[in-house]
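With the hints as constraints, model all of the structure from the sequences given.
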Amino acid sequence: MKNISKTVKKSALWCLIGTFFLVSIDSLAQRHGGGNRGGGATHTRPGSNGGGIKRPANNSGNKITRPANSNKKITRPATSNNKAVRPSTTNRNNTVNRNNTVNRNNIGNRNTNISGNTVNRNRNNVNINVNNSVHVRNNRNTYVRPAPRPYVRPPYVYGGYRYNTFHPYYYHPYRPYYWGPVWHPWGFFVATLAVTAIVVSVESQQYHYDQGVWYTSSSGGYTAVPAPVGGTVNNIPSGAQTVNTGTVNNYYYGGTYYEKDGSTYKVVAPTAGTIVESLPEGGEEVTIGDVKYIKFGETYYQPVQVDGKDKYEVVSVEKES
0 MKNISKTVKK SALWCLIGTF FLVSIDSLAQ RHGGGNRGGG ATHTRPGSNG GGIKRPANNS
60 GNKITRPANS NKKITRPATS NNKAVRPSTT NRNNTVNRNN TVNRNNIGNR NTNISGNTVN
120 RNRNNVNINV NNSVHVRNNR NTYVRPAPRP YVRPPYVYGG YRYNTFHPYY YHPYRPYYWG
180 PVWHPWGFFV ATLAVTAIVV SVESQQYHYD QGVWYTSSSG GYTAVPAPVG GTVNNIPSGA
240 QTVNTGTVNN YYYGGTYYEK DGSTYKVVAP TAGTIVESLP EGGEEVTIGD VKYIKFGETY
300 YQPVQVDGKD KYEVVSVEKE S
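By numbering that gives the first Met the number 0, the letter at position 144 of the sequence shown is numbered 143, and the numbering carries on one by one without gaps.
No lab work stands behind these hints: they were computed from the structure. Careful, some of the hints might be misleading.
Unchecked claim - Calculated cross-link-like contacts (lysine to any residue; reagent style SDA-like; alpha-carbon spacing at most 25 angstroms):
1. K294 x I274
2. K308 x T241
3. K318 x K265
Model, not experiment: these values are computed from the prediction.
Here it is in structure tokens:
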């Protein structure tokens, strides 16, 4: 039994050594490429030069090139040969002709310089500056009706004329009163009139009346003028003030006096001694000797104070005999 046991142990030992030997030979063959498994197919590592899978980094000739390093670079628009051009730099000769930015004579409004003032002649009526150096003369508004009662104060005499008033002289600066957007002072020019304007004929001369303003035709439009004495209209503006002449009431609006004549209103000359609270734009402050008057057309107003308020009195001017 002992011999059988020794024989079995020896056989097992030799089998173990043989197996180890075979495994070692196979491993060595694989390392040197000489081992043949599975029908003789050669297994090539990816890093070898055989026909296996090849690493991109070791690829010869046809490298996978990053876009930034390509022969055909992806070019940014700012550095392209055909640069993207900004609109402001396209063609400076075609963007805006700086010398002819706007042809102002072809845009429907005519810009005309009248007496030094730029006039925007727009068909929707206009906003035009008044040239105060233009003194409009209207021979139908150049006198003052005499006062209804005698003067009790001595006149102010200067330069061969007597200036009569009922109230003492009280100077305060001339501050033109604004009657609103539909009113215009003398000398104001408009290209067109509103549809509410009417034609009034006074002794064969035609005037245009619109909401308290009187106009005469002039070159290319109409000019505001003093109201013609004797001109009659059916309505006067609602903003007209009632003033007492000493005998009858007048209606005063924008430097013009009206008297009620039946169902109409007639333009009348101012009455000496009449007190008004405001004077419109278009008058001028003139110095007569030691005093200052406000002159409208040929009518003089003396600054006075009545009941603590600054007002104006129509002056009676007489030439000394």
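Next item on the list: Output the numbers, in ascending order, of every earlier hint that fails for this structure.
Entry: Those not satisfied come down to hint 3.
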